[in-house]
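Protein chains in written order, with the numbering used here: chain A, 1 to 528; chain B, 1 to 295; chain C, 1 to 421.
Among the hints, a few may not be true.
DSS-like cross-link-like pairs, simulated, lysine-lysine; straight-line CA separation at most 25 angstroms [claimed, not checked]:
(1) C:K81 with A:K496
(2) C:K328 with A:K426
(3) B:K77 with A:K18
(4) B:K260 with B:K187
One-sided and incomplete, this derived list gives chain C residues near chain A with beta-carbon spacing under 8 angstroms [claimed, not checked]:
(5) L117
(6) F152
(7) A263
(8) I359
(9) V410
Where chain A lies over chain C, by a calculated footprint (3+ residues, C-beta under 8 angstroms) [what the hints assert, rightly or not]:
(10) 237-246
(11) 336-346
(12) 396-406
Calculated directly from the structure, the hints in this document are not laboratory data.
No experiment lies behind these values; they were computed from the predicted model shown.
Beta carbons are placed, not taken as given, at the ideal position from N, Cα and C, and that holds for glycine.
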Amino acid sequence: MSHAATAGDHGHDDHDHKPPFFQRWFMSTNHKDIGTLYLIFSLTMLFVGGAMALVIRAELFQPGLQFIDPHFFNQMTTMHALIMVFGAVMPGFVGFANWMVPLMIGAPDMALPRMNNWSFWILPFAFTILLSSFFVPGGAPASGWTLYAPLTIQGGMSVDMAIVAIHMMGISSIMGAINVIVTVLNMRAPGMTLMKMPMFVWTWLITAFLLIAVMPVFAGAVTMLLTDRHFGTAFFNPAGGGDPVLYQHIFWFFGHPEVYIMILPAFGIISHIIPTFARKPLFGYSSMVFATAAIAFLSFIVWAHHMFTVGMPLQGELFFMYATMLISVPTGVKVFNWVTTMWRGSMTFETPMLYAIGVVFLFTLGGLSGLMLAITPADFQYHDTYFVVAHFHYVLFSGAVMAMMGGAFFWLPKWTGHMYNETLGKIHFWLTAIFFNITFFPQHFLGLAGMPRRYADYPVQFTEFNQWSSFGAFGLGISQLLFVYIIVATVRGGKKATAEVWDNPEGLEWTVPSPAPFHTFDEPPVIR
Amino acid sequence: MSAHSKDHYFVPDASAYPFLCSIALFCIAMGGASYLNGYTFAPTLMSAGFLGMAVLLFIWFRKVIIESPDYNMDVDKSFRMGMSWFIFSEVMFFAAFFGALYYIRTLAIPWLADTELLWPGFEATWPSTGPLGAELLAGVHPDASSIAEGTKFALVDPWHLPLYNTLLLLASSVTLTIGHHTLRASKRRQTVFWLALTVVLGAFFLFLQVEEYIEAYTQLGLTLGTGVYGSTFFLLTGFHGFHVTLGAFILLVVLIRYMKGHFTAEKHFAFEGGAWYWHFVDTVWVGLFIFVYIL
Amino acid sequence: MVLSQHIKSFAKISAFGTFLMTTLFSGLAQAEYRLNFQDPVTEVARDIFGLHMLIFWICVAIFVAVFSVMFYSIFAHRKSKNYEPAQFSHSTTVEIVWTIVPFIILVIMAIPATKVLIKMEDTTKSELTIKITGYQWKWGYDYLGLDQDISFYATLATPRNQIDQFDKENAEPQGENYLLETDNVLVVPSGRKIRALITANDVIHAWWIPAFGTKKDAIPGYINELWFNVDVGKEGIYRGQCAELCGKDHAFMPIVVQVVTGAEFDGWVAAGGSFDGVESIAQEPPLETPEVKVDAATSSVIDAIVPAAQASDQPSSKTWTKEELMTKGESVGANCLACHGSDGKGIPGVFPAIAGSAIATGPIDDHIKIVMFGKPGTAMAAFAGQLNDEQIAAVVTYQRNSFGNETGDVVLPADVKAKRN
Ligand code: HEA
Ligand code: HEA
Ligand code: CUA
Ligand SMILES: [Cu+2]
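From just these sequences and the hints, can you work out the full model?
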């Protein structure tokens, strides 16, 4: 079996047999194909969730109820978030992990390939259940993605469907995470010590740990919901000695690490793009690793910053305020390291680099508003307003989603063997960045002025900024059609990409041909 | 065309099991949700799902067993790591329920007792039914007068069945460990004996646990609906019991496989995985015994 | 050499950036209330505002500093300028510096934050206590410890046709206080420390008045506390909204507080919660006499059995005709619209229809019971504590004889009274 990397000149090795269609896409044990499936799934979900966001934004264009009734509005908010978080962002990053982790560490595949396939295939079925809840009596869950009790105790069958869907997603995520951890710990090419691993691999290793630690806790929370709903338990029922706030504690013990699950892999991607286009090694590699670990550690002890207004004892509020603020320190280290990586580099600004810079800039903005939220007395004013909505779209959309877009442009040539259209890529970046800001920047003002979130209708003085926001959202949505076009066009054809693709990039993935052959690293490469 | 030889990491060929298993899982989940909402087709769907899953997992594992001679030590290591991380995830699942128990007991109940305005006369004691737990048990009914006498539950006496259960499980961990040693020493007959004994102890544990549940429901008035103590008690012990069932089943399969000669003194991942799982279940029980029964 | 040049131009750029941002943001921050917090009228709200601006400026400063460097670098260290990449990749000194400096900044932020927080949480030495209960979807207020019981509910007062813009023909333009007006308002004195005990009846709500700097979740079964003390001289009307998702009409349960002087307040209390006879009151709408509710003490909690409410204060001996009951029932029925719809059709799968409902056309007893005691675990609340016998009798009669239901039944207050306890 020849070393794949030696066949550098054209895409397909002779022995690169691909199985027939059904076997290839439904029965795959190949990390690249499974990665592709994940990525396609994620993009689809981005559109489904995005379409729901557009329904929200259309309704909020003017005060008064224009198109949908408040109950349906709440369903939209809930499903938008569940789909974006569990359908778009998390599977998206798993897709990246599947494609890139084995390539980056020189492994022939993921450690447990069949389980890998199972992790993926659970998802479409889970989302079938979740989405079909629109069609049961009473419609989809309408209690916000946080599914707070006791509102969810009141809900109809859709809540049960959401719960079982979440169980399935949990199983999928846990298996996926186990696979990543085992792959990283067990299948690195000889010579690749932990501290030589690429940053993306590091961030995913830590993300996977977070996943295994918190997905079961979420499963526990929704299980309690289920038994409270149907079997007469009283976890969240004060009459029986329970406490609705207990649900929130368990949920956010999952929920806060969850938000880092959605951002750490993005940090990883950025840490590859910036050095490549600055033509300079990543600054402070080991401090990056420690910072990531520190963020992960701290993420377990800050959860109650989502609950400052529930009436916790003062000491609790102080503790969670201080702990939350501390997260800024390691995150700051990362931001400073990226900026310093650029410092005195020799930069060019291809699409991935534009995305990376956009992410650093906009994520930091969102991070700083997060820091403001962490200040408890001020959070009493910000909490459950559009200020929070603005905060988390800055970290989620311009952090996680835009990092994925940047990553997609960065590795698309490696995946497809073709260069994407650079001009269109740049246009897509600028459209996305500009419309994103039109959509979400005004929401800061809305929140400060007092517009609560999860509102189907609002007082008239909030009209103007809502109109900006809705306008931006539609622009943002339409711009994403261009993204799909670019990807489809690149898959179909375009300039042939070299193995290296970019100027002298670092990492094993660039030593295999583009597109990466079906099987890579059958013989492990040796790391110097 | 992956290299199926021992100097390569084993990469399996395309496989339909994951996809089919996902369908089975879908049937279970969808069936479950429909069942809770009274759809008549639900039991059928759910049973089909469970059946499908059982059959598929059987075939899938069988395939793994057949392939296993091709696995090198790296694959073995992957399995081990995978199993330990899986157990870690289970630990976190139980942590959620232990956390809930802790929170309710040390925070929520005293707060409720302080809330004189809403719950006059309610006092913080543990175990607690909550302010209206007894009524909940009776089924909330406008004519509260119908609340049955004796609905105030009694506790399971920890020094009776639970103590026996503790001893049973601890003993089973010991027998299992002995079994492991004899396996490493290739003492076939002894291994079979100790392993079988472990399974029997596990089964006996389950038997007593069922006994205890029956007693709780029929004599102590302790049910799922008896306020929050009942909730935590049954969910914690219930999930634990489910895990014991699973663990005992795994060990049984391991036993059968052992008798069929699947393991060697060096390579017996399934045995070890099952054993880790068993020890984990055992540890959880010790936690339960202390925090749910005794304290 | 090169470095010092860089530093100089960096300094210039960042100075310019700071200037730009400062002018931009100070304009935004001060100008209008729409861009920033509402004008604070309590000391705590002012403290929060100050804290908010402090952390905001620190964040702006950090942002500007970091990105001046980045954009300078983007500008200067680009390949098209033939810039050769340096190869340095770590420096322990700077790593330590940029770990410690942010930490110090955080400490600077944490100190005032801690002070404000401690102040906010100190509910001792209050002069008036009000119990606030969130319902789907209205607020209930009980003044505790006064000589006279004052309690009432506050429901959205904005007309439906301003809200529903679906049907363009009947729709009306929104008024000035659209969604921020209620039928009854909470009346409080300025210059006194007021403690609010916050709870809920069904699901979690949150009581929020931005200008007071107060927001607390209303949790069923538990009581949260907050306090505020409105500055003397800041009397007037303050508006807020429910800030925790509580179901369908979450956006439609506003809070309106009228702050009056201490003397006016005392007069109001003396008049039993009415401004009749209170002189000097600046009559700002909506100053109506609250409809005092029957039973203040009753607060059912999800799944709780409603304690037997006291008998209504009106004599039940009055003989009611069906017409009287129907008229009254229609107005009481406003309590039910939010869920069961003005056409009695409800929302399938969420809120059952009254029209043709098995309960509303079946045995009278079941109908009365579900209205009085609700259905635990669903949104159908127990109304025994919220409505008196007449009201319940009326609404039940109404439901049994409208929306196409033609039972012809007449339910009398005595029938309801018999079900209490
Ligand atoms: C990717 C997701 C993501 C990320 C990374 C973050 C990051 C952070 N978040 Fe955010 N957050 C969410 C997603 C995320 N959040 C979501 C989804 C919600 C709402 C959930 C819901 O209710 O539905 C939320 C809500 C939320 C709240 C609750 C608000 C409320 O409901 O009242 C709070 C409060 O503390 C908070 C804080 C923070 C902080 C302190 C960070 C920090 O990690 C940010 C750290 C980064 C920086 C600070 C910037 C870079 C640092 C420097 C340049 C160094 C110098 C800085 C200093 C010295 C200050 N977030
Ligand atoms: C990763 C997560 C993620 C992402 C990517 C997004 C993306 C977007 N979100 Fe979302 N959002 C959340 C996570 C996310 N959101 C969460 C967690 C909540 C909280 C929910 C809760 O309160 O419970 C929330 C809530 C939330 C709200 C508040 C709702 C409320 O409080 O009631 C709003 C309102 O503007 C909003 C808007 C948007 C918009 C406009 C986008 C856009 O960025 C979307 C852009 C993408 C598209 C639009 C899709 C692409 C295009 C098409 C569909 C093609 C068709 C288009 C045309 C023909 C025009 N989101
Ligand atoms: Cu009440 Cu939202
Ligand atoms: Cu958080």
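Checklist entry - Any CB of chain A closer than 8 angstroms to the CB of V410 of chain C? => result V410 of chain C check fails; min Cβ-Cβ to chain A is 32 angstroms, beyond 8 angstroms.
Checklist entry - Is the interface hint for I359 of chain C satisfied, with its Cβ closer than 8 angstroms to some Cβ of chain A? => result For I359 of chain C, the interface hint is violated, since the closest Cβ of chain A sits about 18 angstroms away, which is over 8 angstroms.
Checklist entry - Minimum Cβ distance from F152 of chain C to chain A below 8 angstroms? => result 23 angstroms, violated
Item to check | Restraint outcome when L117 of chain C is required to lie within 8 angstroms of chain A by C-beta distance | outcome: Holds. Min distance 5 angstroms.
Checklist entry - Are the Cα atoms of K328 of chain C and K426 of chain A separated by 25 angstroms or less? => result Violated, at roughly 67 angstroms.
Checklist entry - With 8 angstroms as the cut and Cβ atoms as the points, is A263 of chain C at the interface with chain A? => result 30 angstroms, violated
Next on the checklist: Run the distance test for K260 of chain B versus K187 of chain B: straight-line Cα separation, threshold 25 angstroms.
Outcome noted: 15 angstroms, holds
Checklist entry - Does the segment 396-406 of chain C contain three or more residues whose Cβ lies closer than 8 angstroms to a Cβ of chain A? => result violated (count 0)
Next on the checklist: So if I understand the rule, the pair passes when the alpha-carbon distance is 25 angstroms or less; does K77 of chain B with K18 of chain A pass?
Outcome noted: 29 angstroms, violated
Item to check | Satisfaction of hint between K496 of chain A and K81 of chain C, Cα-Cα up to 25 angstroms | outcome: Distance of about 28 angstroms is beyond 25 angstroms: violated.
Checklist entry - Do three or more residues from the segment 336-346 of chain C put their C-beta atoms closer than 8 angstroms to C-beta atoms of chain A? => result violated (count 0)
Item to check | Three-residue Cβ test at 8 angstroms for the coverage of the segment 237-246 of chain C by chain A | outcome: Holds, because 7 residues of the segment 237-246 of chain C bring their Cβ atoms closer than 8 angstroms to Cβ atoms of chain A.
Violated hints for the displayed structure, listed by number in ascending order: 1, 2, 3, 6, 7, 8, 9, 11 and 12.
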